[in-house]
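Enquirer: Sequence:
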Amino acid sequence: MIRLTRAVTAAAALVALAAASPGAAHAQPDPGPLSRTNQTREDGNLPEGWRFTGEGAGRELIWTSSAPVPMGDARVEFYAGNRLLGRPEATPDGRAYRLKVDGTRIGSAAELRVMAGGRRLDAGANAPGGTGRLSPSMPRETPPPAHLEAQLPANPVDPGVRGGHRTVTGEYTLPSVRLPGFAAPVEMRATVVGPVGAPGKRPLALFLHGRHATCFSAAGEVTGEWPCTAGTQPIPSHQGYLRAQKLLASQGYVTVSVSANGINGQDHAAEDGGAQARSSLVRQHLARWADWAAKPTGAPAAVRATSRADLSRVLLVGHSRGGEGVNRAALDSLSRPPADQDGHRGPVRWTIRGNVLIGPTVFGQNPVPDVPSASLLPGCDGDVSDLQGQIYVDGTRGVSRGAALHSAVYMIGANHNFFNSEWTPGQAKAPADDDFWSDETPDPVCTPGAKTRLTATQQQAAGATYIAAAARLFVAGDDRVRPLLDGTGRRAPSADPARVLTHAVGAHRTPAFLPDPSVAVTGGRLCAQVHPDPARACLPPDAGGQSPHFASWEASPEPGRDAIALNWSRAGGAVTVRPARTVSLAGSEALALRVIVPPNTTGTELDVAVVDASGRRAGLGRARVDGLPGTERTASYWGREIRVPLSAAVRAGLDLKRVKSLELTPRTGSGRAWLMDAWGWRPGTPAVRAAALPRVDIGRLTVDEGDSGTRTYRVPVRVSGQGSGQVRVFVAQPDTGELTSKTVTVRQGSSGIDVPMVVRGNTRYGYDVSQEVFVKAVRGAVVGSHRGGVTARNDDAMPGLTVAPVAGDVTEGKPLTWRVTLSEAADADVSAGIEFLPVAAGGPELSTADVDRRWLEENFGEVPESALPLSGMEMGFLSVYVPAGETAVDISVPTVADAAREPTESLRARLNTFDESGEPLPGPELTGTVRDAS
Numbered sequence: 004m005i006r007l008t009r010a011v012t013a014a015a016a017l018v019a020l021a022a023a024s025p026g027a028a029h030a031q032p033d034p035g036p037l038s039r040t041n042q043t044r045e046d047g048n049l050p051e052g053w054r055f056t057g058e059g060a061g062r063e064l065i066w067t068s069s070a071p072v073p074m075g076d077a078r079v080e081f082y083a084g085n086r087l088l089g090r091p092e093a094t095p096d097g098r099a100y101r102l103k104v105d106g107t108r109i110g111s112a113a114e115l116r117v118m119a120g121g122r123r124l125d126a127g128a129n130a131p132g133g134t135g136r137l138s139p140s141m142p143r144e145t146p147p148p149a150h151l152e153a154q155l156p157a158n159p160v161d162p163g164v165r166g167g168h169r170t171v172t173g174e175y176t177l178p179s180v181r182l183p184g185f186a187a188p189v190e191m192r193a194t195v196v197g198p199v200g201a202p203g204k205r206p207l208a209l210f211l212h213g214r215h216a217t218c219f220s221a222a223g224e225v226t227g228e229w230p231c232t233a234g235t236q237p238i239p240s241h242q243g244y245l246r247a248q249k250l251l252a253s254q255g256y257v258t259v260s261v262s263a264n265g266i267n268g269q270d271h272a273a274e275d276g277g278a279q280a281r282s283s284l285v286r287q288h289l290a291r292w293a294d295w296a297a298k299p300t301g302a303p304a305a306v307r308a309t310s311r312a313d314l315s316r317v318l319l320v321g322h323s324r325g326g327e328g329v330n331r332a333a334l335d336s337l338s339r340p341p342a343d344q345d346g347h348r349g350p351v352r353w354t355i356r357g358n359v360l361i362g363p364t365v366f367g368q369n370p371v372p373d374v375p376s377a378s379l380l381p382g383c384d385g386d387v388s389d390l391q392g393q394i395y396v397d398g399t400r401g402v403s404r405g406a407a408l409h410s411a412v413y414m415i416g417a418n419h420n421f422f423n424s425e426w427t428p429g430q431a432k433a434p435a436d437d438d439f440w441s442d443e444t445p446d447p448v449c450t451p452g453a454k455t456r457l458t459a460t461q462q463q464a465a466g467a468t469y470i471a472a473a474a475r476l477f478v479a480g481d482d483r484v485r486p487l488l489d490g491t492g493r494r495a496p497s498a499d500p501a502r503v504l505t506h507a508v509g510a511h512r513t514p515a516f517l518p519d520p521s522v523a524v525t526g527g528r529l530c531a532q533v534h535p536d537p538a539r540a541c542l543p544p545d546a547g548g549q550s551p552h553f554a555s556w557e558a559s560p561e562p563g564r565d566a567i568a569l570n571w572s573r574a575g576g577a578v579t580v581r582p583a584r585t586v587s588l589a590g591s592e593a594l595a596l597r598v599i600v601p602p603n604t605t606g607t608e609l610d611v612a613v614v615d616a617s618g619r620r621a622g623l624g625r626a627r628v629d630g631l632p633g634t635e636r637t638a639s640y641w642g643r644e645i646r647v648p649l650s651a652a653v654r655a656g657l658d659l660k661r662v663k664s665l666e667l668t669p670r671t672g673s674g675r676a677w678l679m680d681a682w683g684w685r686p687g688t689p690a691v692r693a694a695a696l697p698r699v700d701i702g703r704l705t706v707d708e709g710d711s712g713t714r715t716y717r718v719p720v721r722v723s724g725q726g727s728g729q730v731r732v733f734v735a736q737p738d739t740g741e742l743t744s745k746t747v748t749v750r751q752g753s754s755g756i757d758v759p760m761v762v763r764g765n766t767r768y769g770y771d772v773s774q775e776v777f778v779k780a781v782r783g784a785v786v787g788s789h790r791g792g793v794t795a796r797n798d799d800a801m802p803g804l805t806v807a808p809v810a811g812d813v814t815e816g817k818p819l820t821w822r823v824t825l826s827e828a829a830d831a832d833v834s835a836g837i838e839f840l841p842v843a844a845g846g847p848e849l850s851t852a853d854v855d856r857r858w859l860e861e862n863f864g865e866v867p868e869s870a871l872p873l874s875g876m877e878m879g880f881l882s883v884y885v886p887a888g889e890t891a892v893d894i895s896v897p898t899v900a901d902a903a904r905e906p907t908e909s910l911r912a913r914l915n916t917f918d919e920s921g922e923p924l925p926g927p928e929l930t931g932t933v934r935d936a937s
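This note's numbering puts the sequence shown at residues 4 to 937.
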């Protein structure tokens with residue numbers, strides 16, 4: 004039977020929000036009925052590149068690009084305005100994206116958008132007002148600065164300097180493995196680079212590449228298929244990190260870079276974008292390395308050629324979706340995922356000491372709080388262009404003990420691809436490109452040749468240096484490299500001329516002023532990082548750029564993510580931030596603040612002061628904050644870390660154990676700024692011991708609706724681990740489109756998340772009914788699978804359709820009309836299509852010149868220059884919808900009168916329905932006759 008999808012209200016649901024449907028290429032549930040006018044004219048006036056095809060369960064919304072869209076890591080998504088319609092599936096040539104809409108109403112055609120990682124892909128991006136954020140025609144706040152900031156002081160220890168060990172390189176290939184949810188086996192192939200003759204067991208660094216094309220041919224064609232077909236071979240993405248591998252190997256690390264083409268070629272249908280599969284693959288390799296460390300004689304030759312690995316000291320390095328994969332692998336190494344989702348079974352015989360995440364995705368926004376991390380954010384990223392990897396820093400605040408350092412490393416002028424030499428033109432074996440998109444208007448920051456843009460070799464040198472810095476800090480425990488990662492403001496000369504800026508949370512930071520609704524703000528305002536209302540949002544849609552801190556998730560608005568906005572027109576007006584309770588800065592040396600100012604601005608000055616519970620006030624000093632180079636195409640609203648010493652407060656006798664407020668006083672004439680947070684800071688890197696936290700995984704249950712009665716099902720929730728914690732639960736009710744949330748306490752054996760869904764059986768054709776749930780960690784808990792739900796499948800056949808003429812013989816100028824009738828009413832809109840056919844015996848056929856031009860535009864998207872028979876139109880069919888609850892609808896072909904004498908013309912058509920795969924099911928034919936009016 005034909006199956007439609009529409010999510011509905013769950014009985015006694017906790018909350019409601021608009022959310023994507025579970026399928027990777029299915030539409031967002033219907034947000035509610037539109038007017039009849041919109042329903043009947045929805046196919047018309049589509050923007051350039053858009054069209055509908057098929058009917059019923061096979062109905063699809065298709066966007067076709069003028070050039071192939073390279074296979075990348077950011078998810079391609081269809082939007083209507085700010086509403087997510089769904090995540091389409093790409094055709095093999097990368098030019099078209101298809102979204103099954105299953106009878107869902109799209110809404111206003113003018114609002115259709117194609118987005119990927121915050122970047123708009125369709126033609127409307129270049130239209131005035133075509134996007135709120137990325138249009139090249141949008142004026143910049145100020146032009147990029149003519150002169151960059153002065154070079155940062157050099158750090159005494161430079162981790163980019165090659166070590167003294169000789170290195171060896173090799174490869175291994177093992178039998179492929181099966182992973183849950185993936186039809187084809189996934190390869191176990193890797194490149195090994197390690198030291199020769201290094202004493203003792205050596206730490207292990209494992210690299211995982213991101214989502215890229217999988218196969219290529221000698222003719223230069225690339226595909227995303229898996230396995231590779233005849234005449235093509237796998238793209239060796241895993242060989243793209245040799246520069247970083249060789250640097251680490253020279254310093255005594257055994258390194259391995261694993262191939263994940265088998266996941267890239269199949270993750271389009273994975274609800275989590277392949278994060279769990281990538282985690283399974285990483286842990287499959289680590290399990291083999293644990294075996295080889297115990298019994299070296301059984302290892303492949305490439306492993307035996309280097310020093311033995313120490314699995315108690317492991318660094319994971321992930322690029323793009325590989326970053327999200329290694330984050331999940333670190334989580335799964337601390338708390339096991341549900342067995343039915345996991346592709347690795349067996350004990351955990353390794354310890355993850357840290358993660359390096361390069362331009363990572365974070366679809367689940369569930370960073371591991373107790374594993375230190377460094378997230379490299381490329382300032383000219385044209386793939387994951389919203390720099391959502393910032394959430395690996397911001398999303399850990401308050402979740403666990405806070406001892407792990409989480410660093411954001413903003414690399415000005417770096418793009419997404421060039422960290423991997425196999426994704427770099429001139430270095431790669433397969434075709435490759437620069438992911439930063441350029442058009443007729445050069446970007447002054449990121450177009451190749453701009454003074455802020457890095458070359459590929461410069462970017463790769465800087466990337467290797469900061470990977471080595473993370474290894475030295477997280478694995479070797481060398482605190483001398485911490486200033487390169489924690490916002491102290493030092494540079495590694497080996498990374499020159501790259502300009503690299505950092506900030507961090509965790510380590511020896513004490514939470515002080517973290518914006519949330521309990522904080523009282525005077526002189527400024529508490530703003531929402533993600534909110535559709537410009538009056539509530541921190542960064543309005545017309546800001547002319549993006550902020551990595553404000554990267555969107557499944558919900559908008561999203562509670563629990565706030566900042567403090569400052570906006571002043573004269574100097575001297577203080578902004579006061581007062582938490583609900585006093586905070587302690589005792590034992591700290593400085594107050595560390597993360598402050599955003601607009602891109603390309605210079606010289607913003609803020610006086611910083613604190614007040615204790617008795618009212619004593621101390622000015623801590625004046626801080627200067629400059630904006631990053633940026634344009635409307637970059638995510639450059641990024642927090643700069645500033646530190647002011649607390650020595651003045653100590654001299655003034657303030658009780659630093661009971662500080663009640665923070666004051667920020669602008670000293671420049673006008674400006675804007677945003678306070679992300681402020682912490683008590685002191686130097687050092689504490690030892691990290693993972694807390695025993697409960698883990699939450701949301702599952703998915705699919706049931707048949709049945710013919711009668713009611714049954715109650717609950718969204719499957721699994722809580723494992725120890726202790727108790729809090730998570731924020733979102734439940735989707737697309738009937739209303741409202742967004743609310745609830746914080747619940749979870750513990751093993753009692754999830755605290757109870758989302759019932761009452762399924763009412765019936766014998767009428769209807770929609771699948773879906774209840775979607777999302778979850779995010781708040782405090783003392785971690786999240787694995789962040790989304791799931793219950794789906795009640797329609798199990799009733801679609802009513803039969805018949806068609807009869809209402810006005811089947813007319814004079815020109817009057818409409819031909821037929822009535823489509825259902826055998827019985829349905830609980831869902833019933834879709835069909837009328838296909839125009841050549842008339843019998845080759846007689847005169849009604850042509851495009853005989854019908855209304857506006858009708859042609861609305862139904863076919865074009866008016867041919869020369870008259871064509873209607874059956875000769877490329878999209879030669881009419882869409883038919885019988886609304887839910889009704890049994891008939893009239894369809895018309897409006898003809899036009901002219902002065903020319905013409906023979907009687909005919910029309911022949913067929914009413915088609917479609918099966919679940921979208922294949923047409925031919926139905927009854929209909930005919931019409933149009934006679935000359937002269």
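Heads up, a few of these hints could be off.
Claimed, not checked - So the derived label-pair ranges between C-beta atoms look like this:
id	residue 1	residue 2	range
1	Pro841	Pro544	19 to 29 Å
2	Ser441	Ala523	40 to 50 Å
3	Pro428	Arg717	46 to 56 Å
4	Asp499	Ser572	35 to 45 Å
It should be emphasised that the hints constitute simulated quantities derived from the structure, not laboratory data. Beta carbons: idealized from backbone N, C-alpha and C, even for Gly.
Enquirer: Of all the hints numbered above, which does this structure not satisfy? Sort the numbers upward.
Expert: 1
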